[in-house]
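Residue numbers (the UniProt record's numbering), protein chains in the order written: chain C, 1 to 333; chain D, 1 to 509; chain V, 1 to 231.
No lab work stands behind these hints, which were simulated from the structure alone.
Note that this is a predicted model, so its numbers are computed, not measured.
Beta carbons: idealized from backbone N, C-alpha and C, even for Gly.
Treat the hints with caution; some may be incorrect.
Not the full set, but computed from the structure, chain D residues with beta-carbon under 7 Å of chain C [said to hold, decoys possible]: (1) SER110; (2) TRP180; (3) ALA203; (4) GLY299; (5) GLN315; (6) TRP317.
So you can see what is in the structure, the chains are spelled out below.
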Amino acid sequence: MRHLAFAAGIFLAGQALAETPVLKVYTYDSFVSDWGPGPVIEKRFEEVCDCDLQFVGAGDGAALLARLKLEGKRTDADVVLGLDTSLTAQAAETGLFAPHGKTPKVDVPTPYEEAGAWSDPLFLPYDYGYLAFVYDKTKLSEAPKTFEELAASDVKIVIQDPRSSTPGLGLLLWVKAQYGDQAEAMWGTLSDNIVTVTPGWSEAYGLFLEGEADMVLSYTTSPAYHRIAEKDDSKAAAVFEQGNYMQIEVAGKLAGTDQPELADRFLDFMLSDAFQSAIPELNWMYPAVTPKDGLPSGFDAPLISDHAVLIEPAKVPAMRAEALSEWQTALSR
Amino acid sequence: MANRAFKIKPAEGISAAFVAAFVLVPLAAVIWRAGTLGGFSAADWAALRFTVGQALLSASLSVILAVPVAKALARRNFRGRRMLITLLGAPFILPVIVAVLGILAVFGRSGLVNTALDALGLPEISIYGLQGVVLAHVFFNLPLATRMILQGWQAIPGERFRLAASLGMRPRQVSRVLEWPMLRAVVPGAWMVIFVLCLSSFAVALTLGGGPRATTLELGIYQAFRYDFDLGRAAMLAVVQLGLAGGAALVALWVSVPSGFGAGLDRVVRRYEAETVLARVGDGLAIFAAAVFLLIPLGLVILNGIRGLSVMPSQVWEALGVSLLLALCATALTMVLALALARRGEAVGYLGLAISPMVIGTGLFLLVNPVISPMALAFPVTVAVNAVMALPFAVRVIGPEMRALEADWGRLGAVLNIRGWAWLRWVVLLRLRKSLSFAAGLSAALAMGDLGVVALFASPDWATLPLQMYRLMGAYQMQAAAGAGLLLLMSSLFLFWIFDRGGRGDVDV
Amino acid sequence: MLTFECVLIRQEAFELVADFSITPGARVAVIGPSGAGKSTLINAIAGFVEPVAGRILWKDRDIGANRPGDRPIALIFQDNNLFPHLSVAQNVGLGIDPGLKLSQAQRARVSWALERVGMADMEDRKPGSLSGGQQSRAALARVLVQDKPLILLDEPFAALGPALKVEMLDLLTEVADETGAAVLMVSHDPTDAARFAQSAILVAEGRAEAPVPVQELLENPPDALRAYLGD
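Please model the entire structure based on the sequences and the hints provided.
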């Protein structure tokens, strides 16, 4: 396709290109689905960019990165949107991304950053959230406030597999960050609370809603969905005393893009109100830059930064391998 | 005859090459890109043991339980028998997550069974673990096993049973003389097919398995592709899986050949030795138990789905159209391939069972991407992969019938010089109408459920019904997703029914 | 003229040798004990069995490489002569064009053949609704339209009653006379042979003997045949 466009470019050199430029953004599937923010954002950006914005959905964040690696330098993508901080080190290592060259002011309470700052040279955040165990207040009156309390209780949870799911991987890193060498032991004491481990978030959440578990690994923003979209205030997320693991979703520009300026404009747009205001009620995450109208009512305020647990991206790859084998050992017993 | 038997016909060659191109070539592409095959770790050994172990158990139980059900269905006629047989096929074509939720509504922590146990003050039972994996696999595959074995029963001519009756044989003697030899011929084949199916289980094993103990090779492949991007490891695991599945499939062909599971389900042979009260009660119980086991989870899926239909967004209907079109195209392709391969290429047809869709998708992507945007090929690739994945079932249905046709009528055809298109038009299509339409119905239903979802080839412009269902789930809309699941179930069954019915209009013998 | 030139057929432990000719238009019975290889001989001519040595010639031309459908033969089997899913007329029509693309004239020829065998009003019936005799008539109608110089029959009327069988043999004789074809018919019943054939081939003890006049063979049977005939 790109060769064609290139050939067309040469052929038409000297005369104004009537064709509108195309910006290809690879993202995860739920972002582009009819119920995600994709369609709204596409419309809003195309109103101002005089271009054709094309979202290409590819599984989840991990699948997105895998696809990019498969395509390598030949990729058609101009921007990749939807990696999170547990993947950015791997993504950076591919050498496919170009520095964004921006010093944005964001409202992401990243534990390892100065307040409001963002120092990653390749990736820019667009939203964030916290992993949490979500439960039904009418069925579980007192939710555990620590992993220890959870392990000691007979509360049943359903979690996702860190080998096939992003939140599953987040939980793995959460426990590892908090318990270090004791992580395997913690998993051991948690194992009798775990009803089952599902391949992805949807299966786990479905099982929870069917009453298979008292709590499900999801996000602190999940209750907001039920409150706002379903007028159902029965769900709550357990905020842990030692903090909840943070997931920051980011986007980056490809070094090989044939639309570098358009890509830059998209990244700027991403942090503008038109993009950010679509996030809370369509992606059900916290916007990276709080919209001028604030968060919709029904959204709990984000946790403060010292309440967030997050492993620095660079440390993730090494830690993941170790944590994964501990997890497997502890839960296989 | 000599000429007919040994020359490979162009149609056979092209079809075999096509299937290989969609199965082996992608695998080769992955290996080539990886440059090396990964090693086998201790965790992989554990996964291999679990994969094979659960497949052994699932296949054995499915077959053992299917024998009394098939026996009862073979010798009892009752109102709704046909309908029941069709409905019993439904679990096989359900999307995994829908079926799992149905099973959990019965056997889960707050399912019917545990609610009842709780009311009686009894301790609750847990479905999570090996038992749950096996239970779900039996739920999926019991209908398949029942149909294959039922076909074996009905292949025993009625005269044999009349002869047995005239000799005053008792039920046990009839079993030994007539039924036991049939079972020995049919059961190994059915067992092997289900074994191979269970080998590549991933979502069921993980969701109901309760944790990393229940890790299958397929999960390893998934992880290697998606999180580790270790193509060598993915390719190695795929080769192991291909070896296991391919080996089992070849053994199945070699050990015995069940005579298909297509035609002749209408006929109930009168069984004189079975007209005792005890036999009647036994058969009644077997049919009742199977119906309860298979239909209650299905009923709960339907109930849950009905509530979801009203909140289902309009995009689901568009997706239904896409899926119907896709299913029809895939069915057409499956039938062309199956007709070409049914007589001697059954082993080739089985390849689709033996390899992970993830490997097919990635390999094709590697091959196609340098030449043309994969998105441009989204539809044809999805059609082709679905066709290749449904092919094993189609050749399983058509193969034995085709060979029987050849045996009975091949010489007459040869003498009259009926060859090629004329043979297809005037003999095969008319003579095998029943099993062809059964195979087409099965393929259509399977393609509707989108066996071969290839995420890498997903088009931004359209989505299949199963994909939209998963997207709804991903957007918290579980109720609407249940509605989409019901729509999927109904449209799959409808397609199956339409095709299957089309094949039984004209009675000619 | 059909010629067996030092033909040797071998199937596992079974062997059959044949070395003789049959004159055009001859009506020949193939008789002999069961299991001796009568059907094998027919199958070799039809091309279903390949000789390991020797040649089978038609008009001095080797037909060994020809497909069954390209040999100068029409064949009636013991059973499965009519496709059950096709009408009687279609079954006969296959004898003219295997693709059943029939011209007006060819269709008229099918009707004529069916009328000739006494099945004029049964064109649209399916074989399943016909009696055994009617099925044989339909098969003979097809032989009629095939118009081949050699008709092979492998115990064709074995399942019919005596009177019906006689009727069929007479009809067969008429068909053969009409087309001028040579006929080779396997039969286990010597009276069939006596009624229909001029000469007979004895197949026994691994040999297919050259045809001799039927009368001669039955009145003065060799040992193998005597044991079979049971006197």
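Inset, instruction - Against the earlier hints, flag every one the structure doesn't satisfy and list their numbers going up. - result: 2, 4, 6
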